[in-house]
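So the protein lines, in turn, are chains A and B. What the first sequence shows, in our numbering, is residues 1 to 190, in sequence order. What the second sequence shows, in our numbering, is residues 191 to 380, in sequence order.
Derived by calculation from the structure, the hints in this document are not laboratory data. Take these hints with a grain of salt, some might be off.
What the hints assert, rightly or not - Heads up, incomplete: computed chain A residues facing chain B, CB under 7 Å, no partners named:
1) 5
2) 12
3) 13
4) 15
5) 16
6) 19
7) 38
8) 40
9) 41
10) 44
11) 45
12) 49
13) 60
14) 67
15) 179
Backbone N, C-alpha and C define an ideal beta-carbon position, used for all residues, glycine too.
2 protein chains.
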Amino acid sequence: MTDRLDAQMAFLMEADRLKSILRATPIADDSRRENSAEHSWHLALFALVLGEHGADVSIDRVIRMLLLHDLVEIDAGDVPIYGEKDEAAIAAREQAAAKRIFGLLPADQSASFRALWEEFEANETPDAQFAKSLDRFQPPNLNLASGGGSWRDYDVSYEMFEARVGQKIARGAPGLWDWVGPKVRAYLKG
Amino acid sequence: MTDRLDAQMAFLMEADRLKSILRATPIADDSRRENSAEHSWHLALFALVLGEHGADVSIDRVIRMLLLHDLVEIDAGDVPIYGEKDEAAIAAREQAAAKRIFGLLPADQSASFRALWEEFEANETPDAQFAKSLDRFQPPNLNLASGGGSWRDYDVSYEMFEARVGQKIARGAPGLWDWVGPKVRAYLKG
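Extracted from the complex, chain A is given alone in its bound form (with noise of 0.2 Å):
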């Protein structure tokens, strides 16, 4: 056992560096940018008081993919949503990534979690698709609490938000789409 545990607690160390992986939105009182474990957290919680405006999902699987879902940025770093981006050369950074840090698990364990990464990553499943909309709905809620966030920082207009980031939250999460668009569309409008 002591090398199963050798290698869980190697991984564990490893997923300590998401603390330090940050993302392009700020936290709500606009202080500083929010990193990548703080924004897991937060999400996973998201999933736990939201489940209700999901249909037909499994609130604890979407809460476990969340808690992974960001780990490949260890090595491929995040990427800003309005950013300019290179679409092939970041799904290959993340599945080399992938491979690196689920492989210092155990291999069921190591098996079971990239699955669910994959999973999220394909994005259709009811718990996928929930998830990601969750993973799109938390940031506008970032930006509108710290007066623009990465909205500023990107020169965001309502029609690229919707695009980019309205029609993910609408295919998982509709409810929260009629909730949240409203008020982005003001407050970019406005």
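Let chain A serve as the given structure and place chain B on it in line with the hints.
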């Protein structure tokens, strides 16, 4: 549904403040102190990976408990384990915090979240004991990685560590105590 979602969002945005509550323990690279939001994420990941080391536990319940366990610190502050403390005053502050913070939620969620937090605090069920053991098991690993961490700041001896931390790890997760105890002993006596 809008009133209900308004209440849920008020809670989730208040929860954002946990990202600004600093703990006594540094992150593993010793670059800064850990905050209670990223700590909560790290612990939930510990539960997901190390669940097999608990006896008779529901990992998904433990994860839910750990996502919520530190929210009272938004009002009551973090209580460093090696500091001087007035237990009764802390308990009163935390009860008032739980009432206010969980009270932001719709009544049904307020009651169920608060019950889960009370269960964690009481430390009697297998789920609570395992969650509490993880909450005590993670910081010594960060202290070992960072070159002393909160042991350095509080001038902690191995005997003090064993009494305040070791026994709580052993209560809910004896296998984890067997793994980390000798490492801490070698470090603090070395």
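Hints, one by one, checked against the model:
Contact between residue 5(A) and chain B, as hinted, is supported at the beta carbon level, the nearest pair being about 5 Å apart and thus within 7 Å. Annotation: interface hint on residue 12(A) holds; nearest CB of chain B at approximately 6 Å, less than 7 Å. For residue 13(A), the interface hint holds, since its Cβ comes within 7 Å of a Cβ in chain B; the closest pair sits about 6 Å apart. Taken as an interface hint, residue 15(A) checks out: its beta carbon lies about 6 Å from the nearest beta carbon of chain B, inside 7 Å.
At about 4 Å, the closest approach between the beta carbon of residue 16(A) and any beta carbon in chain B falls short of 7 Å, and the interface hint on this residue holds. Checking residue 19(A) against chain B: minimum C-beta separation of about 5 Å stays under 7 Å; hint holds. At its closest, the beta carbon of residue 38(A) sits 4 Å from a beta carbon of chain B; the interface hint therefore holds under the 7 Å criterion. Given the 7 Å rule on beta carbons, the hint for residue 40(A) holds: about 5 Å separates it from the nearest Cβ of chain B.
Among the interface hints, the one on residue 41(A) holds; its C-beta lies about 4 Å from the nearest C-beta in chain B, closer than the 7 Å criterion. Residue-level restraint check for residue 44(A) holds (minimum Cβ-Cβ distance to chain B is 5 Å; threshold 7 Å). Interface hint status for residue 45(A): upheld, as the beta-carbon distance to the closest one in chain B is roughly 5 Å, under 7 Å. Interface hint at residue 49(A): satisfied, since its Cβ lies 5 Å from the closest Cβ of chain B, which is below the 7 Å cut-off.
At its closest, the beta carbon of residue 60(A) sits 4 Å from a beta carbon of chain B; the interface hint therefore holds under the 7 Å criterion. Given the 7 Å rule on beta carbons, the hint for residue 67(A) holds: about 5 Å separates it from the nearest Cβ of chain B. This hint holds: residue 179(A) has a C-beta 5 Å from the nearest C-beta of chain B, less than the 7 Å allowed.
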